[in-house]
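Colleague: Spelled out from the first residue to the last, the chains are:
Number of protein chains: 2
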Amino acid sequence: MSTHTKEKYKEFVQRMRRIADVRYANAVLQWDQETYLPPKGAALRGQQMATLSEIAHDLFTDASLGTLLNELSAAKGLTEQEEKNIALTLEDYNKNKKYSSAFVRKMSEATSKAYHAWINARKQNSFRVFEKELDELVQLKKEETQLLGYAAHPYDALLNEYEKGATVQWLDKLFDDLQVPLKALLNKLENKTPPETGFLHQHFDTDAQWKFGLEILKLIGYDFEAGRQDISEHPFTTNFNAHDVRVTTRIDENDFTSMTWSCLHEGGHGLYEQGLPVEAYGLPAGEFCSLGIHESQSRLWENCVGRSREFIAFVLPVMQRYFPQLHSVTARQLFGAVNKVQPSLIRTESDELTYHFHVMIRYQVEKLLMEGSLLPGDIPAYWNELYKKYLGVTVPDDKNGCLQDIHWSHGSFGYFPAYTLGSLYAAQFYHAIKVHAPGLDKAIGNGDFSDIHSWLQTHVYQYGRTFTSDELCNKITGESLRMEYFMDYISDKYNVIY
Amino acid sequence: MSTHTKEKYKEFVQRMRRIADVRYANAVLQWDQETYLPPKGAALRGQQMATLSEIAHDLFTDASLGTLLNELSAAKGLTEQEEKNIALTLEDYNKNKKYSSAFVRKMSEATSKAYHAWINARKQNSFRVFEKELDELVQLKKEETQLLGYAAHPYDALLNEYEKGATVQWLDKLFDDLQVPLKALLNKLENKTPPETGFLHQHFDTDAQWKFGLEILKLIGYDFEAGRQDISEHPFTTNFNAHDVRVTTRIDENDFTSMTWSCLHEGGHGLYEQGLPVEAYGLPAGEFCSLGIHESQSRLWENCVGRSREFIAFVLPVMQRYFPQLHSVTARQLFGAVNKVQPSLIRTESDELTYHFHVMIRYQVEKLLMEGSLLPGDIPAYWNELYKKYLGVTVPDDKNGCLQDIHWSHGSFGYFPAYTLGSLYAAQFYHAIKVHAPGLDKAIGNGDFSDIHSWLQTHVYQYGRTFTSDELCNKITGESLRMEYFMDYISDKYNVIY
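Top line first, the protein sequences correspond to chains A and B. Counting along the first sequence from 1, when you hit position 126 you're at 1270 in the working numbering, and nothing is skipped either side. Counting along the second sequence from 1, when you hit position 300 you're at 1444 in the working numbering, and nothing is skipped either side.
Since the hints were derived computationally from the structure, they do not count as laboratory data. Careful: at least some of the hints might be erroneous.
It does not matter which identical chain is meant; a pair holds if it fits inside one copy or across any two.
Claimed, not checked - Calculated cross-link-like contacts (lysine-lysine; reagent style PhoX-like; alpha-carbon spacing at most 25 Å):
no. : residue 1 : residue 2
1   : Lys1267   : Lys1586
2   : Lys1250   : Lys1154
3   : Lys1362   : Lys1578
4   : Lys1228   : Lys1308
5   : Lys1543   : Lys1228
6   : Lys1532   : Lys1317
7   : Lys1152   : Lys1250
8   : Lys1543   : Lys1336
9   : Lys1257   : Lys1154
10  : Lys1532   : Lys1355
11  : Lys1308   : Lys1242
12  : Lys1317   : Lys1242
13  : Lys1355   : Lys1184
One chain only, chain A, in its complex shape (with noise of 0.2 Å):
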């Protein structure tokens, strides 16, 4: 490589860093939003987050970017990794000079406000009280797509915010084709005699359940020199560099499994960003792959890992010493529990199997929206009406229904699909870890997780965004994602249980 093209590239890293700091910074403030915002500061964060937002924008489409991306796109001798580097941003930079400052700020503004509306509305609630801020950000998103564009269907241009290259076409096959052996599987499982889940319901103690909590990430190894555990709302994972990663819960004091579950959950998503290249902060390839890789992370430590029989005989003994009231709880009951198959209201509580018909509603309503076929203030109706018709339940108020979840407040559309990808790659991820390490399920009877550090470190960590989650899938596994290891997975479990 020329000096030219050293310094050239140089250049490019510290410009980067830079876009970081002030999109790392702005992470912060929603963090803190989230979670120790006092409510009257609420309206000038939002125009805070706005500036920050609108900054980044102006500092990543400035002309001069643009030139040094495409002079190094041209360059010679640069590494492997330092080319995807350049191609990878070259291609964020043309997609963000499709927005204009204004539509950036306005976006912000927008979900800002609609966050605060979101949190009223679950007080109150009532849909009615988000519906107007909604609307709002929908319209947006629909101009958004126009400003992105997309070959079949305007969705297509959120979706692939989140996973590169998926569109509705493929994610229709793709969820018709995994809703028949779901509704079987379901069907049959609903004939059989149900897990005893009575020991779960009684009061937990919200101190207890918070240590708890804090345990169960350390002993996945989540680093907490590298990262921390707060309370919000509902739960997420954010990170404003891989060595800190910030995680949060909720308790709720009549149910511990919630708050177990969820930080197994976050924590893999947490561990997954902790094992990004700090070194590589704001480039490409210190940054996760796709949203499905990055749910794949937390589905596998939450499910494959967190809901195994071994994982659960090594954990129970813990957790008796926080719950004295589990003391005559077997293993094999609470295995059964925490895997009831149930069809229910709440996506983030609902077992695996049923999981994916939430996601697929979701999906539904959002494809609908964004094709302009269904109206916001028509969403309630319409979303009863599919949980009566996927899920058999009917949905008694707004907050255990259309209101149960953060996103559409952060204007995240096109977000939940990567929610079943997730479960998809994970089952496929998990399968070739046991591959290579045959003894894992007595390993993590005992506690001892390395192996799966060190198979996602080498195999998913370390890579950043350098590949797509296909091209990375078939890396590391052989293949692009099959749902046969999920359902696999999944029907094995249930065939020990039931």
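Fit chain B to the known structure of chain A by using the hints.
Modeller: Showing chain B alone in chain A's frame:
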């Protein structure tokens, strides 16, 4: 005002709000750094804060803002407040132009490094751990005095940053004058029987302290809808706008008074920030007057109110609910105990009399550092010598000596004199409040602080920094700062106790 001027003024306001967004975003990052940041996150956090500092500086020193300000300075038809906003901002603009972006960035990175070094130095109880970073900061501050310029003494340039118009010449005289009656009063008290304090030295549950601290803040009217309290190594107040003001405290399980009066102190700062006009966000009219005036607010609540006989009588029963071990303590005993005069090592825990010797020592050290006649490496020895000379105490280690305060690690040189100015202003203002509201003592005994709130709102909060501290003092008390109000106030109090 012509439409043109109106439009230009509006543009000015928008630009200032945008700059404020970046600065306050940085304040959020700093608050987070001192409350919740995981240790490994420190390095990149420093970089993120440096980037925001640089961006704010670039926005504020943009030549087009200078043109706008000069144009508006010459415009007709602005209101008096608008004229002040322009004049003060132009003054700031001209001052900021003296700094290069590179200098701003260097300073921000150096303070962030120094902060973490200070934290570690305190942990290891060794000034040497902090020395290198402090030395770097001192060099930068000396460079800053050259950039800013000064008439008589380099330290003047820094003093002026916190208290407009303050000089070494003025402060040398003020401290010399103040020293005489303080020393005389101290000698007098040292010959009398001191109040009993034994009951303060017990174990006080940290949870109870935390809850009591929150209650204290509520009692004095701190608005938790527009603020919060957290824990940090060194208590401080920060704000991201008047609707989001944050105070911190620290808890010592062997001394509940430290936490209690720290809450009153930071609460006083917090009330000031919450009382500033939120609609003037980003403008001088929405900012605090000077550091001396800010300190007058904290010390008014901490001391004039918080250590008064009446407040003690009011708060003791509340205190006893949280700390049953105080059940047999009388108001008279507590009043004496929290006003005991005792030369000691730690400024923030010292009494109202000897406090000022701590300030004078720090002032002396900083003055010599800035003129170059003291080197950072010689601070501990010189510090210990001065403590022996002024206060007659032997400093046992650095943590109880020159490492006790966070300010240097923030690059805050020239800050300390404001603490003494604050006490003097507080006494002078409090005298004026008592003239205005003769029933004040009785009201305080009933926990009614409304006269104080309304006086401060009308006479201090509403003006932002549209007056200098001296102008304000003249406007609301009829004369410039006079130390006699303070000497009368403490002499009266000690006459009752001793």
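Colleague: Now look at each hint and say whether the structure bears it out.
Modeller: Verification of the supplied hints:
1. Lys1267 x Lys1586: Neither, since 45 Å and 42 Å both go past 25 Å.
2. Lys1250 x Lys1154: between (33 Å within a copy, 19 Å between copies)
3. Lys1362 x Lys1578: within (23 Å within a copy, 57 Å between copies)
4. Lys1228 x Lys1308: within (15 Å within a copy, 53 Å between copies)
5. Lys1543 x Lys1228: Classified as neither; 44 Å inside a copy, 50 Å across copies.
6. Lys1532 x Lys1317: Classified as within; 22 Å inside a copy, 82 Å across copies.
7. Lys1152 x Lys1250: Answer is between: at 23 Å across copies they meet the 25 Å cutoff, but 34 Å inside does not.
8. Lys1543 x Lys1336: Classified as neither: same-chain Cα gap 31 Å, cross-chain 68 Å, threshold 25 Å.
9. Lys1257 x Lys1154: This pair counts as between: shortest inter-copy Cα distance 24 Å, intra-copy 39 Å.
10. Lys1532 x Lys1355: Neither way: Lys1532 and Lys1355 sit 38 Å apart in one copy and 47 Å across, limit 25 Å.
11. Lys1308 x Lys1242: within (17 Å within a copy, 48 Å between copies)
12. Lys1317 x Lys1242: The answer is neither: 30 Å in one copy and 63 Å across copies each exceed 25 Å.
13. Lys1355 x Lys1184: between (30 Å within a copy, 22 Å between copies)
Hints 1, 5, 8, 10, 12 from the earlier list are contradicted by this structure; the remaining hints agree with it.
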